[in-house]
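Line by line, the protein sequences give chains A and B.
Note that the first sequence covers residues 1 to 352 in my numbering.
Note that the second sequence covers residues 1 to 302 in my numbering.
No wet-lab data here; the hints were simulated from the structure.
Hints are supplied without guarantee of correctness; some may be wrong.
Stated by the list, open to error - In silico negatives: residues of chain B with every beta carbon more than 10 Å from chain A:
#1 31
#2 32
#3 67
#4 88
#5 97
#6 124
#7 163
#8 265
#9 271
#10 276
#11 289
Said to hold, decoys possible - Not the full set, but computed from the structure, chain B residues with beta-carbon under 8 Å of chain A:
#12 73
#13 170
#14 255
Just so it is clear, the structure is predicted and the values come from calculations on it, not from any experiment.
Glycine is no exception: its CB is placed at the ideal position from the N, C-alpha and C atoms.
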Amino acid sequence: MIALGLEGSANKIGIGLISHPSSNKPPIVLSNLRHTYVSPPGEGFLPKDTAIHHRAWVVRLIKQAVRQAGVKIEDIDCICYTKGPGMGAPLQSVAVAARTLSLLWGKPLVGVNHCVGHIEMGRAITNASNPVVLYVSGGNTQVIAYSAQRYRIFGETLDIAIGNCIDRFARTLMIPNDPFPGYNVEQLAKKGKNLVDIPYAVKGMDCSFSGILAAADILAHSTNEALPDGKRLKTEDGEIVTREDLCFSLQETVFAMLVEITERAMAHVGSKQVLVVGGVGSNERLQQMMGMMARDRGGTVFATDERFCIDNGIMIAHAGLLEYKTGITTSLEDSTCTQRFRTDEVFVGWRD
Amino acid sequence: MAPSADIAIEPIAPIEPPAPLAPLHALPPPFTDSNLEVLTQGAEALVYKTTFLTPATPCVVKYRPPKPYRHPTLDKRLTKTRLLAEARVLVRCRKEGVGVPGVLAGDWDNGWLVLEWIEGMTVRKVLDEWADKVKRGDKKEGDDEMLGVMRKVGRAVGRLHDIGVCHGDLTTSNLMLRQPSSSTEHASPLFQHRGHQTVSAMREAAMDGADGSEPSPPQPQSELDGDIILIDFGLVSQTIQDEDRAVDLYVLERAFSATHPAAEPLFQKILTSYGESFKGAKTVLRRLEDVRLRGRKRSMLG
Ligand SMILES: Nc1ncnc2c1ncn2[C@@H]1O[C@H](COP(=O)(O)OP(=O)(O)O)[C@@H](O)[C@H]1O
Ligand SMILES: [Mg+2]
Numbered sequence: 001m002i003a004l005g006l007e008g009s010a011n012k013i014g015i016g017l018i019s020h021p022s023s024n025k026p027p028i029v030l031s032n033l034r035h036t037y038v039s040p041p042g043e044g045f046l047p048k049d050t051a052i053h054h055r056a057w058v059v060r061l062i063k064q065a066v067r068q069a070g071v072k073i074e075d076i077d078c079i080c081y082t083k084g085p086g087m088g089a090p091l092q093s094v095a096v097a098a099r100t101l102s103l104l105w106g107k108p109l110v111g112v113n114h115c116v117g118h119i120e121m122g123r124a125i126t127n128a129s130n131p132v133v134l135y136v137s138g139g140n141t142q143v144i145a146y147s148a149q150r151y152r153i154f155g156e157t158l159d160i161a162i163g164n165c166i167d168r169f170a171r172t173l174m175i176p177n178d179p180f181p182g183y184n185v186e187q188l189a190k191k192g193k194n195l196v197d198i199p200y201a202v203k204g205m206d207c208s209f210s211g212i213l214a215a216a217d218i219l220a221h222s223t224n225e226a227l228p229d230g231k232r233l234k235t236e237d238g239e240i241v242t243r244e245d246l247c248f249s250l251q252e253t254v255f256a257m258l259v260e261i262t263e264r265a266m267a268h269v270g271s272k273q274v275l276v277v278g279g280v281g282s283n284e285r286l287q288q289m290m291g292m293m294a295r296d297r298g299g300t301v302f303a304t305d306e307r308f309c310i311d312n313g314i315m316i317a318h319a320g321l322l323e324y325k326t327g328i329t330t331s332l333e334d335s336t337c338t339q340r341f342r343t344d345e346v347f348v349g350w351r352d
Numbered sequence: 001m002a003p004s005a006d007i008a009i010e011p012i013a014p015i016e017p018p019a020p021l022a023p024l025h026a027l028p029p030p031f032t033d034s035n036l037e038v039l040t041q042g043a044e045a046l047v048y049k050t051t052f053l054t055p056a057t058p059c060v061v062k063y064r065p066p067k068p069y070r071h072p073t074l075d076k077r078l079t080k081t082r083l084l085a086e087a088r089v090l091v092r093c094r095k096e097g098v099g100v101p102g103v104l105a106g107d108w109d110n111g112w113l114v115l116e117w118i119e120g121m122t123v124r125k126v127l128d129e130w131a132d133k134v135k136r137g138d139k140k141e142g143d144d145e146m147l148g149v150m151r152k153v154g155r156a157v158g159r160l161h162d163i164g165v166c167h168g169d170l171t172t173s174n175l176m177l178r179q180p181s182s183s184t185e186h187a188s189p190l191f192q193h194r195g196h197q198t199v200s201a202m203r204e205a206a207m208d209g210a211d212g213s214e215p216s217p218p219q220p221q222s223e224l225d226g227d228i229i230l231i232d233f234g235l236v237s238q239t240i241q242d243e244d245r246a247v248d249l250y251v252l253e254r255a256f257s258a259t260h261p262a263a264e265p266l267f268q269k270i271l272t273s274y275g276e277s278f279k280g281a282k283t284v285l286r287r288l289e290d291v292r293l294r295g296r297k298r299s300m301l302g
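Okay, chain A solo, but in the shape it has when bound (with noise of 0.2 Å):
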């Protein structure tokens, strides 16, 4: 069987198509496409701006997958589409292109929910079997486990998505947008190496981020180049802090929250699979903490690479054809989208 799937519920845009082989062989990957909308810099991206983006380039990334697929339309079964969460103007001028397939096609409809999607592509390709998920993006920090048919909810952030959270700290450093502001941040990091004090905020399973925001705009501040020496920042050896060693403290410390909320949910489900993830799980420093803890654990992390990590149509095509093999699909009334859709209230039938 074989899934379109059309995902643009941030600032990607992706369309992909997904085959699944009749017998318990693995999924193939026909065509993975992706455009991004990169905003100005010191600036983050708007649903309006996003929209048109999405707009301006569906069709042309459709017709492309579709033909590097190289499959007809008449084996298409069904057209999956991000039913939500994310932001209302580019869910929506997806959502347009994929009903009008469905009708152009007369193929039916499949909406799915994003975080499902990242959740059945990581199992998919890493073949990890019933892990812990650490979903961190843009929008979205959580510690997802599954039990009973729902892929539940421990631990979240209680505040603004790790994502948003690194976005904003690069953009209060003035640090360019593209490829985009989390890769960055990463590469500075690589260089810093004095770790400043910035507010670490573990409750339970949930973590806050909304504090180091705060905290972001003084250190900026007092890091500004144009600064004569004497009124810039300094560790305790009377070193001058730097924007890498920033870049690096922020790393260290809201990556070592969520290895933390991460490592508390697998002591409490007793489970030694961990698998990261959404955007930000393509930080190479981050998979390289959440390895140290599992190995700590006796267990092992799966993650992927930004193909699949970062938001694609595939993921959406995969899961969206996961559910049509139960039987379900959406009517064309109900191919609607919603900005809150939590990962909980999917009725996840295709697992035991």
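Let chain A serve as the given structure and place chain B with the ligands on it in line with the hints.
Just chain B with the ligands now, kept in the frame of chain A:
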């Protein structure tokens, strides 16, 4: 502008997980050569069972090893703060008569505490075993014994909040149900009398080797009759804010529904008994509704 697109036209090759290395479980001095066996690896600590001063006095060593993934400066700071917070609150709770293990010894630089041994099991395990029995048809859902346990949990959390302490990590793994015979009989000669809380008094009691030769109380009715003991206070805060108390309950509620979906209806019992446990508990329950709503409404976008 060409699409900055990834092209992947191949079957997905599963990534081979690296072979796990044996975890390092070296204890700090003075336990380095003690050959203690790990009892459990909790969320942040390794827990070992041993004895304190006399062979008849079981205890646990709760060791927070350095976390290899954490920057050493951050690691030291967190370990020290949490260990001290835990020890202080345990002492305080005991003084106020809240069910917690007593503190026997500790070393914050090396990251260990020696705590009174609690004979029993975690509520996490109690609920799992109960769910198995329900599945097999040995027990029915919502049976009185289990409701009794929930009532005790609600009361225990209420007592804790009443003395101005919020746990910070209330999960069913951090609640223990003490085995009934031991709670009244010989479980902890060190802690039998209130007022015996100073370390020297504990040592004396231990040296005396009180060994449970007291008259036994009437036979317990059921293994679920014991007291609820709260453990694992590393993330504790001393506060009387309704918000903090409500968040404590919210954390427990979510841990409950995520781990024990079958037992979810039982959680209601915890709340009812919590509501009756201290003055002001009703306001906390009203606040809990706000906290829940916030959770459901929490925006999931950047
Ligand atoms: N005093 C005790 N008596 C008996 N068992 C204990 C005691 N303290 C902890 N344990 C066991 O060890 C586990 C981990 O201890 P805990 O204090 O919760 O550490 P962590 O912070 O690592 O979760 C508990 O879930 C419980 O099973
Ligand atoms: Mg614990």
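Each hint tested on the structure:
Residue-level check passed: residue 31/B sits 18 Å from the nearest beta carbon of chain A, beyond 10 Å. With a least beta-carbon separation of about 19 Å from chain A, residue 32/B lies farther than 10 Å from that chain, consistent with its non-interface assignment. For residue 67/B, the non-interface assignment is contradicted: its Cβ lies about 7 Å from the closest Cβ of chain A, within the 10 Å cut-off. Taking the minimum C-beta to C-beta distance to chain A, about 19 Å, the non-interface status of residue 88/B holds against the 10 Å cut.
Even its closest Cβ contact with chain A, about 25 Å, leaves residue 97/B beyond 10 Å, as expected for a residue assigned away from the interface. With a minimum CB-CB distance of about 7 Å to chain A, residue 124/B fails to clear the 10 Å threshold, and the non-interface call is violated. At roughly 20 Å, the least C-beta separation between residue 163/B and chain A is larger than 10 Å, which holds for a residue marked as non-interface. Distance check on residue 265/B: its Cβ is at least 14 Å (rounded) from any Cβ of chain A, clearing the 10 Å threshold; non-interface status holds.
The beta carbon of residue 271/B is kept farther than 10 Å from every beta carbon of chain A, the shortest such distance being approximately 18 Å. Under the 10 Å C-beta cut-off, the non-interface status given to residue 276/B relative to chain A holds; the minimum distance is some 25 Å. Under the 10 Å C-beta cut-off, the non-interface status given to residue 289/B relative to chain A holds; the minimum distance is some 17 Å. Taking 8 Å as the C-beta contact cut-off toward chain A, the hint placing residue 73/B at the interface holds, the least distance being around 5 Å.
Contact between residue 170/B and chain A, as hinted, is supported at the beta carbon level, the nearest pair being about 7 Å apart and thus within 8 Å. With its C-beta approaching chain A no nearer than about 7 Å, residue 255/B sits inside the 8 Å limit, and its interface hint holds.
Hints 3, 6 from the earlier list are contradicted by this structure; the remaining hints agree with it.
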